[in-house]
Amino acid sequence: MGPNHPCGYLPGRDARFTYVSPAYPLSPQSYRGLLEEGFRRSGNWVYRPCCIGCSACLPVRLPVHDFRLTRSHRRVIKRNADIDIRVSVARFDERQFQLYVRYLAARHPTDTPVSRDDYWSFVSSSWAQTRFVEFRSYSELIGVAVVDHVPGALSAVYTFFDPDAAERSPGSLAILWQILEARRLGREWLYLGYWIGGCRKMEYKARYRPLEALIANRWRRFQVDEPLTSSVL
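One point on numbering: in UniProt numbering, the residue at position 116 of the sequence shown is 116, and numbering is uninterrupted.
You may find that some hints are simply not true.
Below are the SDA-like pairs computed for lysine to any residue, each with C-alpha atoms no more than 25 Å apart in a straight line [what the hints assert, rightly or not]:
id	residue 1	residue 2
1	201	50
2	78	218
3	78	39
4	201	119
5	201	22
Think of the hints as simulated: they come from the structure by calculation, not from any bench.
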């Protein structure tokens with residue numbers, strides 16, 4: 001169990017995580033079970049929120065075979081018809097790191113510079129089956145999606161992109177690619193992390209439906225605007 005710390009998503013609240021023991025044998029297979037229990041990974045660490053008096057973070061996943069493209073999704077795909085997509089195993093790449101630095105500076109600015117070690121310890125893992133998906137326009141790198149493969153599912157770890165290419169909606173393109181790739185591979189779900197009601201940073205997840213949320217230890221279909229009370233959390 002970790003200590004309380006200021007929540008990075010809901011101002012004025014404290015957050016706390018529970019972590020899987022370092023002695024636990026982690027693998028893509030065991031991580032699949034942990035995803036089903038609402039855990040996520042950050043680097044080699046696997047965690048889930050256990051905040052006192054707050055249950056705002058809901059683990060969500062998308063059943064990829066029930067997903068249907070909307071007109072908005074089709075526009076994103078058409079807008080990026082020139083994009084070349086390359087998938088590689090997890091290995092450090094300086095160009096990807098520099099793109100990550102630019103993305104953080106534009107979207108999540110802090111006074112602390114990010115180091116190569118910080119970056120790599122966040123996106124990579126010694127036990128996960130991780131792939132880096134590059135999105136390129138005429139050889140120019142405009143986005144990277146970090147994706148974990150587990151039996152029966154993909155898990156979206158993190159996506160970062162060139163702030164100057166925001167009009168292309170590269171974040172949306174990355175999620176759409178992961179949904180369609182999971183379907184192509186015969187997987188059942190794409191795990192999308194946490195939905196946090198009232199957090200604008202999480203609103204984009206509502207664009208991909210149907211969503212399933214882990215509520216009261218049971219996965220069920222979830223509408224992002226439905227009222228949730230303590231009786232169901």
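**Message:** Please verify whether residue 201 and residue 22 have alpha carbons no more than 25 Å apart.
**Reply:** Distance ~30 Å between residue 201 and residue 22 Cα, so the pair is violated.
**Item:** Straight-line alpha-carbon gap residue 201 to residue 50, limit 25 Å
**Value:** Within the cut-off at roughly 20 Å; holds.
**Given hint residue 218 paired with residue 78 - CA-CA distance at most 25 Å** = violated (37 Å)
**Asked** Taken at face value, is the distance from the CA of residue 119 to the CA of residue 201 at most 25 Å?
**Response** Holds: residue 201 and residue 119 sit about 20 Å apart, inside 25 Å.
**Prompt:** When you check the alpha-carbon spacing of residue 78 and residue 39, does it fall within 25 Å?
**Reply:** violated (34 Å)
Hint check: violations occur at hints 2, 3, 5; the rest are consistent with the structure.
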